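*Asks:* Below, each chain spelled out in residue letters.
Number of protein chains: 2
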Amino acid sequence: MNADSFQQLDKVIHEKNRMAIMSLLAASQELSFTDIRESLSMTDGNLITHIRTLQKAGYVAVSKSFKDRRPLTTCRLTTEGIDAFSGYVDLLEGIVKQARAAK
Amino acid sequence: MNADSFQQLDKVIHEKNRMAIMSLLAASQELSFTDIRESLSMTDGNLITHIRTLQKAGYVAVSKSFKDRRPLTTCRLTTEGIDAFSGYVDLLEGIVKQARAAK
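For the protein sequence lines, the chains are A and B, in the order given.
Position in the first sequence (from 1) plus 224 gives the number in my numbering.
Position in the second sequence (from 1) plus 224 gives the number in my numbering.
In short, the hints are calculated from the structure, not lab data.
Cβ-to-Cβ under 8 Å is the rule here; a few derived chain B residues that face chain A:
(1) F230
(2) Q231
(3) A244
(4) S247
(5) A250
(6) L264
(7) S265
(8) Q322
(9) A326
Using 30 Å as the maximum straight-line C-alpha spacing, the simulated DSSO-like pairs for lysine-lysine come out as follows:
(10) A:K235 with B:K280
(11) B:K280 with A:K240
(12) B:K288 with B:K240
(13) B:K240 with A:K321
(14) A:K280 with B:K235
(15) B:K321 with A:K321
(16) B:K235 with B:K288
(17) A:K235 with B:K240
(18) A:K280 with A:K235
(19) B:K235 with A:K235
(20) B:K321 with B:K235
(21) A:K291 with A:K280
(22) B:K235 with B:K280
(23) B:K321 with B:K240
(24) A:K288 with A:K240
(25) B:K291 with B:K280
(26) A:K280 with B:K321
(27) A:K321 with B:K280
(28) A:K235 with A:K321
(29) A:K240 with B:K235
(30) A:K288 with A:K235
(31) A:K235 with B:K321
(32) A:K240 with B:K240
(33) A:K321 with A:K240
(34) A:K240 with B:K321
(35) A:K280 with B:K240
(36) B:K235 with A:K321
(37) B:K240 with B:K280
(38) A:K240 with A:K280
Given the structure is predicted, the values throughout are model-derived calculations rather than measurements.
Glycine residues also receive a C-beta, built at the ideal position from the N, C-alpha and C atoms.
With the hints as constraints, model all of the structure from the sequences given.
*Replies:* Here is the structure:
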């Protein structure tokens with residue numbers, strides 16, 4: 225077993241709510257805060273906290289604008305976020321393969 | 225994307241050190257505390273804490289005996305632990321597949 229794989233798992237992405245947000249954003253160009261919140265059944269506060277962590281890591285970019293005179297917050301993965309998520313998924317895939325081989 | 229998959233990830237196993245311990249034990253019948261500690265380059269204190277969490281969840285059984293008059297602590301997965309790890313890996317696999325499809 226390659227013990228390093230586990231240690232290399234990106235802490236920012238490994239938390240399961242953030243894993244869900246990153247996966248959702250990886251599947252779309254851009255999503256509104258409301259879409260993410262509803263897709264993942266998260267509370268406002270919880271989502272804000274996790275988005276902030278992803279933003280600080282440089283993985284998610286947040287834009288504020290207006291739509292029909294109402295404020296609209298949208299999120300998308302940055303290039304760094306796309307790379308980090310891709311590396312994370314590669315590691316997970318390796319871990320799943322190791323686990324399958326162990327059974 | 226299936227948002228439930230992320231919420232269903234077993235918290236006890238998802239922490240990366242415990243993921244490493246469970247993977248290691250899944251690959252062996254039984255391992256000594258020393259073997260696990262050395263394979264994963266963990267400190268005594270850290271390993272004890274994580275093994276205790278896995279024991280409390282009913283996933284790992286710990287036995288104490290003597291070998292050459294020296295105390296020997298060994299760990300193995302319980303049936304419940306094997307099932308939980310298997311379910312966890314199935315979920316991870318699904319998440320990896322979703323992520324691959326999203327790219």
